[in-house]
Amino acid sequence: MPARNGMRIALQGPMYFLGLTFLGIGGLAQQADMPLGVVLLTTVLIWAGPAQVIFIGSIINGLSLPAIALSISLSSVRLLPMCVSLLPWLRGRKPSTLLAVFSTHQIAVTAWVESIRRLPDMPASERLAWFMGFTQTLFVGALAATGIGYLLAGALPKELAAGLLFVTPVYFTLALFRNARDAIDWAALALGFVLAPVLRSFLSPGFDLLFVGLIGGTAAWLIKRSLRTRSLKNSGVGR
Amino acid sequence: MSGDIWNWNWWSGGLWPYLAVIIFGFLPSEIWRMMSIFLVRGIDEKSEVLEWVRAVSTALLAAVVANIIVAPAGALQFVPLWARAGAMVLGFVAYFLLRKSVLAGVFTGVAAVIAAALWAPVVH
Numbered sequence: 001m002p003a004r005n006g007m008r009i010a011l012q013g014p015m016y017f018l019g020l021t022f023l024g025i026g027g028l029a030q031q032a033d034m035p036l037g038v039v040l041l042t043t044v045l046i047w048a049g050p051a052q053v054i055f056i057g058s059i060i061n062g063l064s065l066p067a068i069a070l071s072i073s074l075s076s077v078r079l080l081p082m083c084v085s086l087l088p089w090l091r092g093r094k095p096s097t098l099l100a101v102f103s104t105h106q107i108a109v110t111a112w113v114e115s116i117r118r119l120p121d122m123p124a125s126e127r128l129a130w131f132m133g134f135t136q137t138l139f140v141g142a143l144a145a146t147g148i149g150y151l152l153a154g155a156l157p158k159e160l161a162a163g164l165l166f167v168t169p170v171y172f173t174l175a176l177f178r179n180a181r182d183a184i185d186w187a188a189l190a191l192g193f194v195l196a197p198v199l200r201s202f203l204s205p206g207f208d209l210l211f212v213g214l215i216g217g218t219a220a221w222l223i224k225r226s227l228r229t230r231s232l233k234n235s236g237v238g239r
Numbered sequence: 001m002s003g004d005i006w007n008w009n010w011w012s013g014g015l016w017p018y019l020a021v022i023i024f025g026f027l028p029s030e031i032w033r034m035m036s037i038f039l040v041r042g043i044d045e046k047s048e049v050l051e052w053v054r055a056v057s058t059a060l061l062a063a064v065v066a067n068i069i070v071a072p073a074g075a076l077q078f079v080p081l082w083a084r085a086g087a088m089v090l091g092f093v094a095y096f097l098l099r100k101s102v103l104a105g106v107f108t109g110v111a112a113v114i115a116a117a118l119w120a121p122v123v124h
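Protein chains in written order, with our numbering: chain Y, 1 to 239; chain L, 1 to 124.
Check each hint, because a few of them may be wrong.
Listed below are the simulated DSSO-like cross-link pairs for lysine-lysine, each with C-alpha atoms no more than 27 Å apart in a straight line [claimed, not checked]:
no.: 1; chain 1: Y; residue 1: K233; chain 2: L; residue 2: K46
no.: 2; chain 1: L; residue 1: K46; chain 2: Y; residue 2: K94
no.: 3; chain 1: Y; residue 1: K224; chain 2: L; residue 2: K100
no.: 4; chain 1: L; residue 1: K46; chain 2: Y; residue 2: K224
Hints are computed from structural coordinates only; laboratory data are not their basis.
Please build the complete structure, drawing on both the sequences and the hints.
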């Protein structure tokens, strides 16, 4: 059963990695004096860790709500290329806008990094069910973790808090590394890593990520194209 | 402060915070997901454009990670840069030694950061 299989994959790691991040989000909300129901709503509706951290963190710092909305929107631009690359695999035989709205809402970094390589290998009829089984399990774990983090807030020593914050970078790095198969993947991965620290000093936060993505991704795609043309020429097919 | 309609505390309690999450949190974020629905119309899953978009996403996520390592926020600042980078390397070593297990890699990397925070913390 594809849905149960998706759930199984989530329970093998991704749900816990995501949960550890949401412990921090729950804790932050408690420090902000935000009602528990409100932070749980951010998990259900915003469903993007960095944007939630911005939302809660900005409220602690007393930013005005329109300013908060702007920085959240900037941070969530990353969702656009992720949704565009994943959605075509989720349309199924009878594409409907309502289903597309519901499917794209599930997409965030963890869902993307686990699905982008698995979905293409599955039979078309099983993809949507697998994806829903996977992401709904993530939702349950993230909601539970948000609540636990809220109740435990302040009880965490800073050494452990540092460890929790390291879950995201080490997990995403290994998952991207595991996903990489072709020259284009390796090039995009390497360029993203190298360009980010260089460009972050020149560009305003939010935009730097977008630029690194566009520059690195386009360069990787061009590298792959030139490699392919060369191999076609060498084999004599391109003439 | 409480008289300002654009402030979180404008109407403390009640339904206002929930409404504020929807208007100032959910909508500005969700708009990008919605936009993708119109952009993928007519695009086949095997198309070349999609491969480019996947590469953009990959580079963007790699950038997210690199930024966290180089300039972290919160408690991760208590660990020096060499320890953050070293923990990443140890995570990779564990990942390969334990037959490409992401779980083992994450566990090892996080344990290394906690150890560094305990024995080699950045003194502020």
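> Of the numbered hints stated previously, which ones are contradicted by the structure, given in increasing order?
Replying inline: none
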